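J.: Here is what each chain is made of, one letter per residue.
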Amino acid sequence: MTRDVTLEQMQHWLLHYADQIEQEQATLTRLDAAIGDADHGVNMQHGAEKMRAKINDLTDCHDIDVFLRTIAMTLISSIGGAAGPLYGVFFLRASKEAGPGDVISLDRLAQMFQVGLESIQQRGHARLGDKTMVDALAPAVEALRLATDAGQSTTEALAVASEAAEAGMLATIDMEAKKGRASYLGPRSIGHQDPGATSAYLLVASAAATLGN
Amino acid sequence: MTRDVTLEQMQHWLLHYADQIEQEQATLTRLDAAIGDADHGVNMQHGAEKMRAKINDLTDCHDIDVFLRTIAMTLISSIGGAAGPLYGVFFLRASKEAGPGDVISLDRLAQMFQVGLESIQQRGHARLGDKTMVDALAPAVEALRLATDAGQSTTEALAVASEAAEAGMLATIDMEAKKGRASYLGPRSIGHQDPGATSAYLLVASAAATLGN
Amino acid sequence: MIAPANHRPADYSPKTALQKKLINRPRDVVTESLEGLALAYPNLLNIAYAPPVVWRKDAPVKGKVALISGSGSGHEPLNTGYVGRGMLDAACPGGLFTSPTPDQYVAAMHAVEGGAGALFITKNYTGGLLNMGMAKEMAEDEGFRVQTVLVNDDVAQNDPENRRAMGATVLVEKIAGAAAEESRPLDHVAAIAQQVADQARSMGLALTGCTSPRIGYPTFELPADEFELGVGIHGERGRQRRMLASADAMTEMMLEPIIQDLGLTEGDNVLALVSGLGATPLQELFIVFRHLHHSLAQRGIPVIRQLVGNYITSLDMAGCTITLLKLTPELTRLWDAPVHTAALHW
Amino acid sequence: MIAPANHRPADYSPKTALQKKLINRPRDVVTESLEGLALAYPNLLNIAYAPPVVWRKDAPVKGKVALISGSGSGHEPLNTGYVGRGMLDAACPGGLFTSPTPDQYVAAMHAVEGGAGALFITKNYTGGLLNMGMAKEMAEDEGFRVQTVLVNDDVAQNDPENRRAMGATVLVEKIAGAAAEESRPLDHVAAIAQQVADQARSMGLALTGCTSPRIGYPTFELPADEFELGVGIHGERGRQRRMLASADAMTEMMLEPIIQDLGLTEGDNVLALVSGLGATPLQELFIVFRHLHHSLAQRGIPVIRQLVGNYITSLDMAGCTITLLKLTPELTRLWDAPVHTAALHW
Ligand SMILES: Nc1ncnc2c1ncn2[C@@H]1O[C@H](COP(=O)(O)OP(=O)(O)O)[C@@H](O)[C@H]1O
Ligand SMILES: Nc1ncnc2c1ncn2[C@@H]1O[C@H](COP(=O)(O)OP(=O)(O)O)[C@@H](O)[C@H]1O
Ligand SMILES: [Mg+2]
Ligand SMILES: [Mg+2]
Ligand SMILES: [Mg+2]
Ligand SMILES: [Mg+2]
Chain A
1 MTRDVTLEQM QHWLLHYADQ IEQEQATLTR LDAAIGDADH GVNMQHGAEK
51 MRAKINDLTD CHDIDVFLRT IAMTLISSIG GAAGPLYGVF FLRASKEAGP
101 GDVISLDRLA QMFQVGLESI QQRGHARLGD KTMVDALAPA VEALRLATDA
151 GQSTTEALAV ASEAAEAGML ATIDMEAKKG RASYLGPRSI GHQDPGATSA
201 YLLVASAAAT LGN
Chain B
214 MTRDVTLEQM QHWLLHYADQ IEQEQATLTR LDAAIGDADH GVNMQHGAEK
264 MRAKINDLTD CHDIDVFLRT IAMTLISSIG GAAGPLYGVF FLRASKEAGP
314 GDVISLDRLA QMFQVGLESI QQRGHARLGD KTMVDALAPA VEALRLATDA
364 GQSTTEALAV ASEAAEAGML ATIDMEAKKG RASYLGPRSI GHQDPGATSA
414 YLLVASAAAT LGN
Chain C
427 MIAPANHRPA DYSPKTALQK KLINRPRDVV TESLEGLALA YPNLLNIAYA
477 PPVVWRKDAP VKGKVALISG SGSGHEPLNT GYVGRGMLDA ACPGGLFTSP
527 TPDQYVAAMH AVEGGAGALF ITKNYTGGLL NMGMAKEMAE DEGFRVQTVL
577 VNDDVAQNDP ENRRAMGATV LVEKIAGAAA EESRPLDHVA AIAQQVADQA
627 RSMGLALTGC TSPRIGYPTF ELPADEFELG VGIHGERGRQ RRMLASADAM
677 TEMMLEPIIQ DLGLTEGDNV LALVSGLGAT PLQELFIVFR HLHHSLAQRG
727 IPVIRQLVGN YITSLDMAGC TITLLKLTPE LTRLWDAPVH TAALHW
Chain D
773 MIAPANHRPA DYSPKTALQK KLINRPRDVV TESLEGLALA YPNLLNIAYA
823 PPVVWRKDAP VKGKVALISG SGSGHEPLNT GYVGRGMLDA ACPGGLFTSP
873 TPDQYVAAMH AVEGGAGALF ITKNYTGGLL NMGMAKEMAE DEGFRVQTVL
923 VNDDVAQNDP ENRRAMGATV LVEKIAGAAA EESRPLDHVA AIAQQVADQA
973 RSMGLALTGC TSPRIGYPTF ELPADEFELG VGIHGERGRQ RRMLASADAM
1023 TEMMLEPIIQ DLGLTEGDNV LALVSGLGAT PLQELFIVFR HLHHSLAQRG
1073 IPVIRQLVGN YITSLDMAGC TITLLKLTPE LTRLWDAPVH TAALHW
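Going down the list, the sequences are from chains A, B, C and D. The numbering of the first sequence is our numbering, which starts it at 1 and goes up by one. The numbering of the second sequence is our numbering, which starts it at 214 and goes up by one. The numbering of the third sequence is our numbering, which starts it at 427 and goes up by one. The numbering of the fourth sequence is our numbering, which starts it at 773 and goes up by one.
Don't read these hints as lab results, they were simulated from the structure. Remember, predicted model here, so these are calculated numbers, not experimental data. Treat the hints with caution; some may be incorrect.
Example chain C residues on the side facing chain D (calculated, C-beta under 7 Å, incomplete) [to be verified]: (1) Lys-446; (2) Glu-461; (3) Gly-462; (4) Ala-466; (5) Leu-470; (6) Asn-472; (7) Tyr-475; (8) Glu-502; (9) Gly-540; (10) Asp-651; (11) Asp-694; (12) Val-714; (13) Ile-730; (14) Gln-732; (15) Val-734; (16) His-771.
Pairwise CB distance ranges (calculated) [what the hints assert, rightly or not]: (17) D/Thr-1037 <-> C/Glu-678: 54 to 60 Å; (18) D/Ala-1017 <-> C/Ala-476: 25 to 31 Å; (19) D/Glu-912 <-> C/Ala-763: 44 to 50 Å; (20) C/Ala-650 <-> A/Asp-4: 54 to 60 Å; (21) B/Glu-262 <-> C/Gly-559: 21 to 27 Å; (22) B/Gln-335 <-> D/Glu-998: 49 to 55 Å; (23) A/Glu-22 <-> D/Gln-1070: 25 to 31 Å; (24) A/Pro-100 <-> D/Lys-834: 43 to 49 Å; (25) A/Lys-96 <-> D/Ala-820: 42 to 48 Å; (26) C/Thr-758 <-> D/Gly-1072: 48 to 54 Å; (27) A/Glu-22 <-> C/Glu-678: 31 to 37 Å; (28) C/Ala-763 <-> A/Gly-191: 46 to 52 Å; (29) C/Ala-650 <-> A/Gly-191: 27 to 33 Å; (30) C/Thr-758 <-> A/Gly-191: 57 to 63 Å.
Quick reminder that beta carbons are idealized off the backbone N, C-alpha and C, glycines included.
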C-alpha cells in the first residue's frame, strides 16, 4: 500500500472539483442568497472555469508546488469576493509546503491541508464556530491528521476527512455567523447552511474521490 | 308650474356635484387607471374641494353669470389635465349664456348646456363616439332640448337628460377611444367605461337632483 | 353605482394598506417633494407653492427669452431638474401625471419674463395643449409675448396628431435653452426648438406597471414573461404586449420604427437619449445603449452625442425609452453649450 | 445533494424564465454594461476588459496621487461613475456584488499611477479587504507606494469591526479626489480620506429585495406591509423587519442611530447624502431629504451640503440609504472643488 499522492492525481482532484462546482453552482448561490449576496456559486463557477482551462494548458508542469501555485493565482484572479483570496491563500501556502517534485506523501498532504487552513484563518480571522468555510475545513484537517498518523491509507484517510467536512458543513446551519457577509444578519443567520463551508466540503470530497489508491 | 332655475339652486347643484365627486373619486380614478393615467378622480376631487370652498365663500354674489364664471375659473385653476380646461370652458361659456340676474328659464338652461358642450368640442375636437365626456354630455343636451321644447317641467326635463347621459356613459364601454389618453391604447381601449363620460354623467345627474321644482 | 367594482390586487385595501413607498400622506407627495427639492438646491432654485412654480434663482434674465415648461409630477427629473442656466427658466409641476393649470404658467411668466418674451414648451397631450393654450391667452392678455413649440415624438402612435411627447422634451429644453442663453430673439429660439422637436422621435417599453401613490396599486399587471411595447410615461399600457426577449432584441423593436419614421440614412449623425422609466438600474440602460450604438453604427449612422440615465421617468416603472435626434452642426454646438441645472450639468 | 431544495418563487424556472430586465445573457451583464459606459463617455473614460478597469482618459496625471477604488458591480454609478478629474483615477468593477480581484487593482495601478503613489479606497467587507490587501502587496512588490483608507460607515452593525462601507465611499472619493487634485502628497491625501471615513455614518432601509440577473429571483421577499431596516447594498436582509411607516418616521429610524453614533451636537454642520437603492423614484428621495433637513435643523444641526439621487445602489432594490458627514471648513472647501465625472459634475 503506497500512501503517495501524485501530481496527476492532484490534477484530477481539481478537475473533479471544478465539475462539482459547476454542478452545484446554483445551490451554492441559493445558499448565499439566503444569508449573503447571492454570488458564491457564480464566483466559484468562474474560478472553476478558469482553473479547468489552466490545468488543460499546463502540459509541461512537473512540480506540485508550481502546479498549486498556478492554481492559487488562477483562483485569486478569477473568483473575487471573500472566497477568492481565501481559497487562493490556501493553495498558495499548500504549494510552499508541497515543494518541488511530482509526488508527495500522505503525511505531507495532511500537512498541506493544515497550513492551508492556517493561512485562511490568518487572513480571515475566522475561528471554529463563526459559520464559515473554516467550519468544514478544520474538522477535515484534524480527521486527516489523525487518520494519517494512525497509518490509514490515503483513501481511508480522505474518506474520514470528507465525512468530517460534511458534518462541519451541516453544523454551520445552527450557527450564528460572526464573520463574512452572513454576520450582518446577526441571529437571523441561524438556520441556514453556510455557502463557503459547502464549497469547502466539496473540495475535500473531491480530494477523497480522486487522491486515493 | 314654474320652469325657472335660481342661483340658489345652482349653488346646490354644484355642491351636490362636489359631494358626488368626492364619493365616487376612487371609481373615477380606477376607470382612468384602466385606460388612462389613473388621475381623473384625484383631479376632479381637487376641483370639487376648491369649488365647495369657493361657493361657501361667495356669499355676496347675486348674478348667475358671475357665479358660473367663478366656478369656471376655480375648476380651471384646480383640476388640471384634460378635464380641467374642458369643464372650465363649459362653465365659462355657460356663464356668458346665462347673463346677469339670479334666475333663468329652463329654456336658457338648456341653451347653456348646449353652448357649453359646443365649447368643449371646439377646444377638444372630440366628436360623438370618440369615447370622451362628449358621449355623455351630447345625448343629455339633446334630451334636455327636446323635453324643454315639449313643455316638460324642469324636473322632468333634467330627469330625461340624466337618463340620456347615463346611457351615453355606458355606451362608451364599447367604443374605441379616438381622443384623449385612452386613444393611445387603440383597440385595447374597448371594453372600458370612459372616466370623463362618467364624471360628466354625475354633473347632469346632480343637476337633475337639485335644479327641479 | 356608476361602475362595477373592478379587479384590484388581492392585498390592496385603500384604508389600511401602507404603500411600499417613501411617502407620508399620498396627497402631500408633490408638495413635500418640491420642498425637498428646494432644500437640496438652495442656490439654484426658487420655489413657490400656490400655485406651484420652480424657477431659476437668477431670473428674470434681462433681454433673454424665457423658457417655460410644465408637466405632471412623477416624471422627475423632468422638468424641475432642468431649471437653470442654459436650459429652463421655470418649470410648472402639476399633480401626479396631471398637466399643470394655466395659472401656474402665468405665475411662472411673472417670475421669469425678462422683456424678450417667452417660449412655452408644449407636450402633445390634450391636457397639456389645453392648459398651455389657456395660459398663453391669459399671458397675452396681460401684454406678454408668447410662442409655443409642440413636442410630439412618440412613434408608437401611428396618427401624428396623437403622438405623445416623450424624451424629445429634454432635448428641446436643452437646445432651445442654449439658444436663448445666446440672447437670440423669440422667433429664433422658437424655430430652433421646433426644429429639434421635428427631428426627434421616441419609443418606450415597460417591463412593469407603475404605482401612483394616490391610488396605491399598479396601473397594470403584466405576466412574468411579457412586456408592453410602445408605452408612454403616464403608466399607460402600450400598443401591444409581447413576449420578453433579450435586451438587444427589445432595443431593436424600439429602434426600428424610430429610424423608419425619422427617415435616417447612412451618414446622418444622431444624438441618442436612453432614459430609464424610474425603477431600471443604470447597468441595464448601458446595455441598451450599447446595442443601440452598435446597431446604428452598422447602418452607417454614428451616435455622436448621448445621454444615458434617468431623465424622463414614470414613477416606479421598470423599462426605458429611446429618443433619437437627427443632428446638424448647429444643434450639436447648442447641445454642447454649458448647462447648469440639477439634473444636467456640463 | 449538498443541501435541501429551498423555496423559490412559484413562477421561477431557471431554464425558461426570462427576467424582467433589459439584459442579454446574464453572464454578460457586467461586460456589456461596461461597453455601453465606454460608448457613452468616449472623452472621459478608458476601459479595459481583461481584467476590467475603468480609468481617466487623462491619466496618469504626473505628480498626482492616484485614487483607485473598486467594488462589485450592481452599485452603479459607484464606482465607475466617479472616475474623472477631481475624483477617482481608476475604478475596478467586480462581478455582480463581487469584490474585484487583486490583478484588477494592479492593472489599474499601471494605467494611472503618476509617480506620487496611490490611495486605495478599501470598503470594509471580507472580500474587499482581502483582495485589496493582496493587491497592495503585489503593487508594493513592484515598487509602487500604496496607502489605504478603510471605509466602514454603516451604523446598522453594532460591532465597529463589522461595519459595512456604504455612502461614505462616495464622500471619501470626492473629497480625497479634490485633495489629490491639489497635488498634495500621499500622506495628506490618505489622512483627509481617513478623516472623512471616520466622520461619516450611514444607515439604509429596503422596501423590497433585489434580483441579481445571475439568479433571476429576489434575494428576499417582504410582506406587503413590512420593510427591512439596516440593510447593506448587496441585497442582504437588514437587521430587523418592521411594519411600514410614513417617510418621516422611517427617515427618523435611520437618522437617530447615525446622530447618536457620530455624536453630533448643536452647531455641527453636516453634509447629507440621500441615495436611492435603484428602484426608488427621485420624488421619494426628496421627501426623505425634506424630513432629514427639518429634523436636523430642529436639533440645531444645519445641513449645509447635500446630494440627493441614485449615488450608491443595489441593483433594482427599492429603498434608500442616508449618510451624514460632519463637516469642517476644509472638508467643505474640498467638497465644493470642481469635479468632472459621469455621475458627479460641478
Ligand atoms: N473571514 C472569513 N474567514 C473565512 N471564511 C470566510 C470569511 N468571510 C467569508 N468567508 C466565507 O466566504 C463565503 C462567501 O463567499 P462569497 O459569497 O464568494 O464572497 P462574498 O461574501 O464576498 O460575496 C462565506 O460563506 C464564508 O464561508
Ligand atoms: N379631446 C377631448 N375632448 C373631450 N374630452 C376629452 C378629451 N380628451 C380627454 N377628454 C376627457 O377627459 C377625461 C380624462 O380626464 P383626466 O384624467 O382628468 O385628464 P388626463 O387625461 O389629462 O389625465 C377622459 O376620460 C375624457 O372623457
Ligand atoms: Mg457572496
Ligand atoms: Mg387622467
Ligand atoms: Mg393626467
Ligand atoms: Mg459578493
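J.: Of the hints given before, which are not true for this structure?
T.: 5, 6, 7, 9, 11, 13, 23, 25, 28
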